[in-house]
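Asker: Sequence:
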Amino acid sequence: MKKILTSFLLSFVFISTHAQINGVENTGDSLRIIELREIVVNAVKKTSQQRLVSFFKATGASTIEDIMARLPELSMLRRGAYGMEPAIRSFNGGQINVQVDGMRIHGACTDKMDPATIYIEPINLENLQVQTAANGFISGSAIGGTINMKMAEPDYANNNTITGMINSGYQSAANSFYEAAKLNYSSGKWAFRTSATYRNNQNYRSGGGGDPVKYSQFEKLNYSLSAKFQQNQYTYIKADLLGDDGWNIGYSALPMDVGYAAARIASFSIHHNNPLKRLYKWQFKIYANTIRHFMDDSKRPSIPMHMDMPGISKTFGVFTEAELKLNHKQKLSLRADGSSGFLTASMTMYQPGQPPMFMLTWPDNRKNQYGLSASWLWLADSSIKVQVVGRVDFIAHYLVSGEAKDQVSIFGYPSADRKDLLKNLSVQLSKNIDRKMKLTASLSYTERMPAASELYGFYLFNSNDGYDYIGNPKLNAEKSLQADVSASCNWNQNRIQVSIYHARINNFISGLVASSVSAMTAGATGVKSYTNSPYATLTGLEISGILKPANSLDIISTLRYTVGNDNTIHPLPYIAPLKNITSIIYQLKNISFQLESDAAMKQNRVSSKAGEDITAGYFLLHTRFGYTTTLLKSNITFQAGVENIFDKKYHDHLDWGNIARPGRNVYTQMKVSF
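Position in the sequence shown (first residue = 1) + 408 = my numbering.
Since the hints were made in silico from the structure, they are not lab data.
Being a predicted model, the structure only gives us computed values, none of them experimental.
It cannot be assumed that every hint is accurate.
Once the Cα atoms are required to be at most 25 Å apart in a straight line, the calculated SDA-like pairs of lysine to any residue come out as [stated by the list, open to error]: (1) K622 / I472; (2) K882 / I803; (3) K827 / G810; (4) K813 / D716; (5) K739 / T643; (6) K846 / W786; (7) K520 / I472; (8) K997 / P957; (9) K844 / Q901; (10) K793 / S894; (11) K558 / K839; (12) K622 / Y982; (13) K1041 / Q995; (14) K685 / N735; (15) K846 / H910; (16) K590 / L629; (17) K827 / A812; (18) K775 / K793; (19) K590 / D716; (20) K997 / S960; (21) K1017 / T976; (22) K590 / F637; (23) K1079 / S576; (24) K733 / R743; (25) K882 / V925; (26) K839 / H910; (27) K775 / D509; (28) K520 / R826; (29) K882 / Y821; (30) K722 / A635; (31) K839 / H736; (32) K622 / K722; (33) K737 / V893.
Could you build all of it, start to finish, from the sequences and the hints given here?
Answerer: So this is what it looks like as structure tokens:
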């Protein structure tokens, strides 16, 4: 009884004090009216994919490309040590969307040396979102899915205080230096965040005591600035600026390097989130970006003809998104967007004793896009969830200069302008078998517009198969029908997920030898023109596991395998073999130790038409060590490790030119957070 009375008195004192603090008047009456304000607590549960990204991002030596290569849905096409091209379930190029904070960005290089992924560094990345076919067309028509790199935002955690981090590292394989820093400051309703990263890599050394790999060097500077204004409890305004400058970038598998590459990305957005309202979440964003890219062969010895190849990409866009609660069982998400992109690229050839020769490799062209998408989510009961997603895009693609039109007309296309209406639809059903097991099945129909190179490319040399490629403005849109089934099991802090998918791509776009056309590039085998084949198929398996057998032990493992065939049952190019990455990390107070294996099977299924050959399998081991301490109110983390411990000489099947990957690499890194 005494304990109950004491608890009652303490509760009374707390409520009375809370009421006085919140301005509740004490009238002296025995009956008091106390207004209790509703407090809404929001928590976001990390998905399996987000947990994987967070885990690999914590490894200090990881770049964005390293993180992506470890996710089960992604593989990377490598033409050099810099600017690897991502593929989602073996869909790549124009088949997928690669975005920064939902913004469309088109590279300015005809040889795909500048995918949008190079413009984000781990220090300014909040999360990496990968959506496959079932949901991957919400922000833009695509048959393979979407990669969206969400940038970190300013925070209000420490008012009137500057917080930040300084990071410095070294890697032995390429004698490379890595420097990065970020600062955050907030005052009242304002918050600011800035970051910068500098990388300087020399030619790396291959495994087996090999010599340095020529033209694998690069140097770059990445920087960002973000300002945020909290208008009220539910609404904030944000402005972002992102810049990236690279120079002296070598590409071992290509006949040309990059003299410089520069990106400027700017946006202004308004965000609203009020969980108490029916229209509880929306955002509006306007953005613009410019990419400049200059290919250069001046550092290559014994070239038959020097040439310059500059390219420019300019994109302006706007989108708005909203989420509505229709009732306690249904939610509707809407998106409307539009963009206008301009592309041009040229080549100037300097033949000894002859006047310079000039041509457009990307004839001046513009793409205007307007899209609407909707996602309806219905909780049928406590165990069944249904999601229907649809999108429609109207796209107008046309040449914008007389010179461009004249050049394309050479191949018998008097008019290269086109208008397309793209349609996408998917249905997904999820069923909770019990508290641990969940099954998900989806069926999707998607379409995609041919890319600029496929439409208007003019003698684009492909060093992998040795052919010049020319575009075809009359190409049909690719259309894909994909089925996906997955099962996941969750218990405690453990999760295992298995996914199986099959896709049939109608009007599949590939290069077909044009025997009546002569090659332009010196040493080229011939010319291929882009054309539609009846269909191609992709079938694959993905497995990911996150296990925690003990409080101090984590095991992360991913496995993927894909089989691709064209309509003649010949293997499709750029299909990775069976691959597994497994990491075991042991954490004891402020010390961590990690052992990681990276293994790939031999790839026998190759496309000889695309210049591929059989690739041997490999098994690699890496080890990492971390130590964290506190000094002068700052957290200091020291990391070190050895990658490719046994100095294995190898290359991946998706590496152009069979260029060997780095050998044994010893790295160190120190991070100071304050």
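Asker: Work down the list of hints and note, for each, if the structure agrees.
Answerer: Results for each hint:
Using a Cα cut-off of 25 Å, the hinted pair K622 and I472 holds, with the two alpha carbons roughly 23 Å apart. Using a Cα cut-off of 25 Å, the hinted pair K882 and I803 holds, with the two alpha carbons roughly 15 Å apart. At roughly 19 Å between alpha-carbon atoms, K827 and G810 fall within 25 Å of each other, so this suggested pair holds. For a cut-off of 25 Å, the pair hint linking K813 to D716 stands: about 22 Å separates their Cα positions.
Between K739 and T643 the alpha-carbon distance is near 21 Å, which keeps this suggested pair within the 25 Å criterion. For the suggested pair K846 and W786, the alpha carbons sit about 16 Å apart, so the restraint of at most 25 Å is met. Taking the CA atoms of K520 and I472, the gap is near 17 Å; set against the 25 Å cutoff, the hint holds. Simply put, K997 and P957 have alpha-carbon atoms about 17 Å apart, close enough for the 25 Å limit, and the pair holds.
A hinted pair counts as satisfied when its Cα atoms are at most 25 Å apart, and K844 with Q901 qualifies at roughly 11 Å. Taking the CA atoms of K793 and S894, the gap is about 14 Å. The hint holds against a cut of 25 Å. About 29 Å separates the Cα atoms of K558 and K839, which puts this hinted pair outside 25 Å; it is violated. For the hint pairing K622 with Y982, the CA-to-CA distance comes to about 24 Å; that is within 25 Å, so the pair holds.
Between K1041 and Q995 the alpha-carbon distance is near 22 Å, which keeps this suggested pair within the 25 Å criterion. A distance of roughly 11 Å separates the Cα atoms of K685 and N735; the hinted pair therefore holds under the 25 Å criterion. Of the pairs offered as hints, the one joining K846 and H910 holds, with about 20 Å between alpha carbons and a cut-off of 25 Å not exceeded. The hinted pair formed by K590 and L629 meets the criterion: a straight-line CA distance of about 14 Å does not exceed 25 Å.
With a CA separation close to 18 Å, the supplied pair K827 and A812 stays within the 25 Å bound. With a CA separation close to 37 Å, the supplied pair K775 and K793 exceeds the 25 Å bound. A hinted pair counts as satisfied when its Cα atoms are at most 25 Å apart, and K590 with D716 does not qualify at roughly 37 Å. Using a Cα cut-off of 25 Å, the hinted pair K997 and S960 holds, with the two alpha carbons roughly 9 Å apart.
A hinted pair counts as satisfied when its Cα atoms are at most 25 Å apart, and K1017 with T976 qualifies at roughly 13 Å. At most 25 Å may separate the alpha-carbon atoms for a hinted pair to count; K590 and F637 meet this at roughly 19 Å. Simply put, K1079 and S576 have alpha-carbon atoms about 7 Å apart, close enough for the 25 Å limit, and the pair holds. Restraint check: the Cα-Cα separation between K733 and R743 comes to about 15 Å, which is no more than 25 Å; the hinted pair holds.
For a cut-off of 25 Å, the pair hint linking K882 to V925 stands: about 18 Å separates their Cα positions. A C-alpha spacing of about 21 Å is found between K839 and H910, which places the hinted pair at or below 25 Å, so the restraint holds. Between K775 and D509 the CA atoms are separated by roughly 20 Å; this keeps the pair inside 25 Å, and the hint holds. A threshold of 25 Å between alpha carbons decides the hint, and for K520 with R826 the separation of about 24 Å falls inside it, so the pair holds.
Taken as a hint, the K882 and Y821 pair is honoured in the structure, with Cα atoms around 9 Å apart against an allowance of 25 Å. Between the alpha carbons of K722 and A635 the distance comes to roughly 24 Å, so the proposed pair stays at or under 25 Å and holds. In summary, the hint linking K839 to H736 is supported, as the alpha carbons are separated by about 18 Å, within the 25 Å threshold. At roughly 32 Å between alpha-carbon atoms, K622 and K722 are farther apart than 25 Å, so this suggested pair is violated.
Proximity of K737 to V893 is assessed by CA-CA distance (about 24 Å); at most 25 Å being required, the pair is judged to hold.
Figure legend: structure checked against the earlier numbered hints; hints not met, in rising order: 11, 18, 19 and 32.
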